[in-house]
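*Asks:* Single-letter residue listing:
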Amino acid sequence: MRSEAIVGVLEKQYVTKLLEKGKRSDGRNLLDCRPIQIIPNVIKKAEGSAMVKWGDTVILAGVKAQLGTPFPDTPNDGVITVNAEISPISSPTNESGPPGPRAVELARVVDRGIRESKIIPMKDPKLCVIPGKKVWILFIDVYILDDGGNLFDAAALGAMAALANTRLKRVVIDEDLEEVTLLDEKEPLPRKGSVASLTFAKIKDTIVYDPNLLEDRGKDARFSLAITDKGIVCSMQKGESGVFTEEEFVTLLDQSSSLVTPLLEKIEESSQFPEMNEMYHFDF
Amino acid sequence: MRSEAIVGVLEKQYVTKLLEKGKRSDGRNLLDCRPIQIIPNVIKKAEGSAMVKWGDTVILAGVKAQLGTPFPDTPNDGVITVNAEISPISSPTNESGPPGPRAVELARVVDRGIRESKIIPMKDPKLCVIPGKKVWILFIDVYILDDGGNLFDAAALGAMAALANTRLKRVVIDEDLEEVTLLDEKEPLPRKGSVASLTFAKIKDTIVYDPNLLEDRGKDARFSLAITDKGIVCSMQKGESGVFTEEEFVTLLDQSSSLVTPLLEKIEESSQFPEMNEMYHFDF
Amino acid sequence: MRSEAIVGVLEKQYVTKLLEKGKRSDGRNLLDCRPIQIIPNVIKKAEGSAMVKWGDTVILAGVKAQLGTPFPDTPNDGVITVNAEISPISSPTNESGPPGPRAVELARVVDRGIRESKIIPMKDPKLCVIPGKKVWILFIDVYILDDGGNLFDAAALGAMAALANTRLKRVVIDEDLEEVTLLDEKEPLPRKGSVASLTFAKIKDTIVYDPNLLEDRGKDARFSLAITDKGIVCSMQKGESGVFTEEEFVTLLDQSSSLVTPLLEKIEESSQFPEMNEMYHFDF
Amino acid sequence: MTQDKISLLLDDGRRLDGRELHEIRPITMKSSVLDRADGSCYLTWGNNKIICAVYGPRELHPKHLAKPDRAIVRVEYRLATFSVNERKSPAPRRREYELSKLIKESLDSVLFLEKFPNGTIDVYITVLDADGGTRCAALTAASIALADAGIPMKGFITGCAVGKVADKMVVDLSDVEDKDGQGDMPVAMNYNTGEITLLQCDGEFTTDEVKEGLSLAIRAIGEVYKMQKEAVLAKYTQIEESIDDLGEEEE
Amino acid sequence: MTQDKISLLLDDGRRLDGRELHEIRPITMKSSVLDRADGSCYLTWGNNKIICAVYGPRELHPKHLAKPDRAIVRVEYRLATFSVNERKSPAPRRREYELSKLIKESLDSVLFLEKFPNGTIDVYITVLDADGGTRCAALTAASIALADAGIPMKGFITGCAVGKVADKMVVDLSDVEDKDGQGDMPVAMNYNTGEITLLQCDGEFTTDEVKEGLSLAIRAIGEVYKMQKEAVLAKYTQIEESIDDLGEEEE
Amino acid sequence: MTQDKISLLLDDGRRLDGRELHEIRPITMKSSVLDRADGSCYLTWGNNKIICAVYGPRELHPKHLAKPDRAIVRVEYRLATFSVNERKSPAPRRREYELSKLIKESLDSVLFLEKFPNGTIDVYITVLDADGGTRCAALTAASIALADAGIPMKGFITGCAVGKVADKMVVDLSDVEDKDGQGDMPVAMNYNTGEITLLQCDGEFTTDEVKEGLSLAIRAIGEVYKMQKEAVLAKYTQIEESIDDLGEEEE
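Chains as they are written, first to last, in my numbering: chain A, 1 to 284; chain B, 1001 to 1284; chain C, 2001 to 2284; chain D, 3001 to 3251; chain E, 4001 to 4251; chain F, 5001 to 5251.
Just so you know, the hints here were simulated from the structure itself, not pulled from any lab data.
Check before you lean on any hint, since a few could be wrong.
Simulated coverage check for chain C against chain E, where a stretch passes if three residues somewhere in it have a Cβ under 8 Å from a Cβ of chain E [what the hints assert, rightly or not]: (1) 2063 to 2071; (2) 2084 to 2097; (3) 2132 to 2144.
With a Cα cut of at most 25 Å, we get these calculated SDA-like pairs of lysine to any residue [stated by the list, open to error]: (4) Lys-5226/F to Gly-2242/C; (5) Lys-5229/F to Ser-2241/C; (6) Lys-4101/E to Glu-1240/B; (7) Lys-4226/E to Glu-1247/B; (8) Lys-133/A to Ile-1137/B; (9) Lys-4211/E to Leu-1264/B; (10) Lys-2133/C to Glu-175/A; (11) Lys-3101/D to Pro-99/A; (12) Lys-5115/F to Asp-2220/C; (13) Lys-169/A to Phe-2071/C; (14) Lys-3115/D to Pro-1092/B; (15) Lys-3030/D to Pro-1092/B; (16) Lys-5101/F to Pro-99/A; (17) Lys-2134/C to Asp-176/A; (18) Lys-3063/D to Glu-1095/B; (19) Lys-4168/E to Glu-1246/B; (20) Lys-4211/E to Asp-1205/B; (21) Lys-4063/E to His-5064/F; (22) Lys-5101/F to Glu-95/A; (23) Lys-4067/E to Pro-3062/D; (24) Lys-186/A to Pro-2072/C; (25) Lys-44/A to Gly-5018/F; (26) Lys-5104/F to Ser-2241/C; (27) Lys-1192/B to Leu-1259/B; (28) Lys-3067/D to His-5064/F; (29) Lys-5030/F to Pro-35/A; (30) Lys-133/A to Val-1171/B; (31) Lys-5067/F to Gly-2242/C; (32) Lys-2186/C to Pro-1072/B; (33) Lys-2204/C to Asn-5192/F; (34) Lys-1118/B to Thr-4206/E; (35) Lys-1118/B to Asp-4178/E; (36) Lys-5104/F to Arg-2102/C; (37) Lys-4154/E to Thr-1016/B; (38) Lys-2118/C to Arg-5094/F; (39) Lys-2230/C to Leu-2031/C; (40) Lys-2118/C to Glu-5096/F.
Predicted, not measured: the structure shown is a model, and the values here were computed from it.
In this text, a Cβ means the ideal position worked out from N, Cα and C, and glycines have one as well.
When you get a sec, could you build the whole thing from the sequences and use the hints?
*Replies:* Structural data, given as structure tokens:
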């Protein structure tokens, strides 16, 4: 067995034993969340951005907007697409190259949370500029910069906060020519509410909210759900080789509404300062 | 030498010794064909499809049609393209990933047989909807599901049978706008005749028609030819590291017309029931 | 250490010791250039081409032209793009596959030399056929056929000579339809002056011009600069892990104008015979 | 709640294909359908058609990927190019990577992987015709193919999706119900132990609807599990009959 | 029979480029043209220009691909981006993969691969200018390059295409005859033994036309083979002369 | 000389962003910003924002790439998709490959690679926000991250671009000056030894302008080097203070 594998086994034993005594490696209670900081509008070249520091996890989400043609089956809808880069910067075990299954799952879960919540009204004339011809395409890219555990919630929060701070160039339409002109003036991306993700890790028989890195590495199963400010569950994702029972899911669903509130508040807070602000800067 | 390699050597010795006595491992005569079953219209989402069971080889061919722009050098022609997937499902030695040289050769040989036979009239107004602008693009995909030998003939037969059962949506053209509308109503793909492939394997000094898996693995050389219902040779392909003499090719050409007839009959038979039919279903 | 690595070390010791005595492995003085031969118009299917034999390095550059849409940020400019293939044909150590970092650097340095020199007037109506809609796209592909050292200068010379011999089909524009017709008649690519590359290798403390293969393999640092016929430096590139001092760069800049003259002359010479000529053929 | 884009329930409260709200589509399962694979299954579920081949446990190459204490499971879930409305490129999309990962993780939980150190169990699934619920059908088929390969298992994974249509929770969504309805919720589990191995959703559900969906899914999975067991037993019955025949012949 | 799209035969029965029906285009062959390669050949065939480099037998990396009882042959046939009418992307297309495979299989038959266990012989071919019949020209060039590398061979592979133009079987199709004619039939063989290593066709041929084509091809290959032999001998003559010169100098 | 496309100098001779011709933009540097990396640096340079992580020296996999007599340096310079005007695809472009190579070669010269046979030092750089001069900023950040990882170095690599704007040589081009000006000339060096490790240019320069640019760049690099040294020292001061604190507590 290679040395990392042995370290992994020992780590897991340590975390498990602590949890059997009801304790977490960082002293939190089972449903406690780590401190969260959202720093909006950090990227000048992006239409919207947010750095999220979640415990010692750091992610950076950026939104770029581009006018393009809609998909043939949704001619009156703007387009949203989420990509996640689990950069080698974030951990010694990550390799560079095209996104692996882990990054693909992360991106798709974040994507579904936003898409299914319908908080970005894709048919709004601000997004569907000329129906069937020209719509805004929003590229949301999430870079994982420091992997301290619970990437799912940090990435979802960053993507949401970046959208909440996105401003699109105003568009002038020449109906005859079917041509559009982009003005320098910007206006906020239309948005109806917000959404946040809650992730739980199951280690042996204990379930914790917001797993730290040790818990993330040692977990048997993961469960994430995205909930809107209306209390609607718009995405769920159970992952990893471990299992949950029906009762466990029911309990987690019952706990979800109180856990999601502080996250939704943080998003709204972060969107109060939509202008690029020299005060906001990375502070690692 | 790895164990598979040794098995390969022993297998080949066995097949070769049998053939030296004029016998085949499955008891057939040298020019006998294995039993063939064509099950058309098995895929509801496809415009045309056919499963072919050829001995214990199983393939599934499907046709998808899509309106698109023609190639610049053939502005008045519909487009046909063949792809073959030698799936890892079909054999323990196949790996997943983009098509390797073997799958590329298979696809291109099937493609040439159909294309060069000119049985699909690509300039027909049903295929060339608006000359220079909109034509039907026919994607023929052949999945190898169980590799029991002689993939070339099974794949060619499946592709041909899928075409013979293809029905395209009717198109209404608005000449002014250069726009087209697709109706739900379907009509058969225009077709003039049919084509089938004959494959021979040479093992040491013996040539057999329709190689089974043992013969396929042990063969020194392969020769395939595609012949139309008018008796026209529209494609030939010698493969593998072994060799043929001129005399051997001449003999094979002379044998071809009697061998191809039952295949062409099977294609016509399969096209008698063009509607999706619950009676037709895979029966492995 | 693998045997090639040992050979590499010995080779380098040999070259270095010679240079310490002021001698080069092929007997040249430090600033001598090897014999150069440009054979233009060798490829009938290309719009322009040139084979360059530079010492025992052989490269082949070809230009293909294609009408296409301009880049959105330069709607009134034709497009030029350089690609380099360091083919496995050219050396036992090259592998096939997509261009590696070495080929990418080579292509980009050649590209910058041509692009920044502005010798091809990309806004000329002969290149920008319909502003914003249709421009000529010039693909310059450089194949390295025999790597005898100093690929940078040979590739740049080949690319430049191929451009100097490029002839484009005449275009007739139908302004109303915004359509163009290509005539069979050809006319020379507009060109204002020319540009050539000078490459120096530093081996321990000695700098040589036009490194041969031994010097190229043993070099600590490389410096290339592209200079136009007006004496303008339009591209520089220092490469490899070794270093230069400011004084060394100043000296090389001072030496550059006398070294570039014979190269520019060769380019002009090669462009005197723009027609495809049976007299010109590869002579390895 | 939002309206369905098209009306997905008929006036009599039945669904577009005539099903009751909690009714599963017809399912057929057949194992040992492929001669080359170590185990295989062909499964139809409504208009879904799925083929699954299993190889292993076998040696894993390249060796540095092997685990010295257990086998790994590799799963490839693919959509055939012609299985969907618009022809799909043969290159796998992100959805196929995600589902391969989730199916692998689901199967992990019922396999005695520690019995096969350094080994791999390879599961190849191709959806030949797709009509909603393919991941659940794929997991159901994979379990049968694994059993068919004689690989020791703690139990079967069985899947069934539920969803929301016209503000009602319904069982086993078809393609059109998935696309035009209000939400999809695929579930898979080891029915015998009650261990849920896959749970996803997208759409708009209240937490009560999620709970209702879970309980509907488990009930439906129970029905599918019964068929699955029969399909596996059918094979052994066949083998027993062949052995009996053999015995008779030998007499 | 179908008509040619454009008239490919002149009134005097000659072809567009003035050739007789059974006439081969001018061919030049030169070996040892590259300093780095173990063997090489530059061949022109009408307007085709082909360069071939051979390396080996050399050790094969990665080792798990090596065969303990013989060398393998790896062939890469590529079209230069500028060798065809529309600029080709540098990434190889399916046609290039197929032809690489067929060329490799053809060369296999004349090499003593069992003499070089665990080894590889690498053949790199680039078509610099293409004008019909490149695969036959490539095989012809590869044989010379292999001989130039000093690799022991049972014989040479020599190729020549035939085809059908204006209902007549003709030898050595040009690009335009290939595109606008009725069919193309590339053939390659070991002329000395009569062993045919490559045979393809596409187009519309009667079986009699195929037979006629085969016999025309073999005759044409005989002509090309003579040139090929001379090209290889020329090198040894040169070497002998050099050795003679050396002898004289030493005296 | 050609005109700038837009006027890049104001009437008072200052630049669009108010800078003097030879003035560097504000720079901030912070090391040890990442918990997972062995060394790291976050650097802002005008509107450029760059993050760099260093791992190593560590064992190199696969082993056949390792050098028995020294470590290798692997550098990945990437632009974040949102760091530029038009969203960039996450797949690296040719420019990123070229700059990764040049940055690696620059760093090579200050590392004691022979101390770590068979090893690798991995430097990952991502430009999060780009505004001209990213390669020089990246090299500057990478040196700090390497020092932060405790990797022994002969010195630091420090970079600064110069360029030509309105026929004048200016220091530290911004994005718009790079795009609309007459030429860009990035330089990087070991300031202490005077060894220049990176020199590029594109645009139109006389040889005298190149020489002037070089000397301006070296002076600017001197200024940046001072900040760089302070940023590295700051970390050690912090550590010392912590140790002092520790000492006091122990008393």
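*Asks:* Now tell me, hint by hint, if it's right for this structure.
*Replies:* Evaluated hints:
1. 2063 to 2071: Check passed, 3 qualifying residues.
2. 2084 to 2097: holds (count 8)
3. 2132 to 2144: Since 3 is at least three, the answer is holds.
4. Lys-5226/F to Gly-2242/C: holds (24 Å)
5. Lys-5229/F to Ser-2241/C: holds (23 Å)
6. Lys-4101/E to Glu-1240/B: holds (9 Å)
7. Lys-4226/E to Glu-1247/B: This hinted pair holds, its Cα atoms lying about 23 Å apart.
8. Lys-133/A to Ile-1137/B: OK: Lys-133/A and Ile-1137/B at ~23 Å, within 25 Å.
9. Lys-4211/E to Leu-1264/B: The given pair, whose Cα atoms are some 23 Å apart, holds under the 25 Å limit.
10. Lys-2133/C to Glu-175/A: Given that 25 Å is the threshold and the Cα spacing comes to 20 Å, the pair holds.
11. Lys-3101/D to Pro-99/A: OK: Lys-3101/D and Pro-99/A at ~13 Å, within 25 Å.
12. Lys-5115/F to Asp-2220/C: It holds: about 19 Å lies between the C-alpha atoms, which stays within 25 Å.
13. Lys-169/A to Phe-2071/C: Holds, because 21 Å separates the two Cα atoms, which is no more than 25 Å.
14. Lys-3115/D to Pro-1092/B: This hinted pair holds, its Cα atoms lying about 21 Å apart.
15. Lys-3030/D to Pro-1092/B: Distance ~20 Å between Lys-3030/D and Pro-1092/B Cα, so the pair holds.
16. Lys-5101/F to Pro-99/A: This hinted pair holds, its Cα atoms lying about 22 Å apart.
17. Lys-2134/C to Asp-176/A: The given pair, whose Cα atoms are some 22 Å apart, holds under the 25 Å limit.
18. Lys-3063/D to Glu-1095/B: holds (16 Å)
19. Lys-4168/E to Glu-1246/B: holds (20 Å)
20. Lys-4211/E to Asp-1205/B: Holds, at roughly 21 Å.
21. Lys-4063/E to His-5064/F: holds (12 Å)
22. Lys-5101/F to Glu-95/A: holds (18 Å)
23. Lys-4067/E to Pro-3062/D: Given that 25 Å is the threshold and the Cα spacing comes to 17 Å, the pair holds.
24. Lys-186/A to Pro-2072/C: holds (21 Å)
25. Lys-44/A to Gly-5018/F: holds (19 Å)
26. Lys-5104/F to Ser-2241/C: holds (8 Å)
27. Lys-1192/B to Leu-1259/B: holds (21 Å)
28. Lys-3067/D to His-5064/F: holds (22 Å)
29. Lys-5030/F to Pro-35/A: holds (22 Å)
30. Lys-133/A to Val-1171/B: Holds, at roughly 22 Å.
31. Lys-5067/F to Gly-2242/C: holds (18 Å)
32. Lys-2186/C to Pro-1072/B: Satisfied, since the Cα-Cα distance of roughly 21 Å is no more than 25 Å.
33. Lys-2204/C to Asn-5192/F: holds (20 Å)
34. Lys-1118/B to Thr-4206/E: holds (15 Å)
35. Lys-1118/B to Asp-4178/E: holds (16 Å)
36. Lys-5104/F to Arg-2102/C: With Cα atoms ~13 Å apart, Lys-5104/F and Arg-2102/C stay inside 25 Å; holds.
37. Lys-4154/E to Thr-1016/B: holds (24 Å)
38. Lys-2118/C to Arg-5094/F: Since the Cα atoms of Lys-2118/C and Arg-5094/F sit roughly 22 Å apart, the hinted pair holds (cutoff 25 Å).
39. Lys-2230/C to Leu-2031/C: Distance of about 22 Å is within 25 Å: holds.
40. Lys-2118/C to Glu-5096/F: Between Lys-2118/C and Glu-5096/F the Cα gap is close to 24 Å, so the pair holds against 25 Å.
Going down the numbered hints, you'll see the structure goes against none, and every one checks out.
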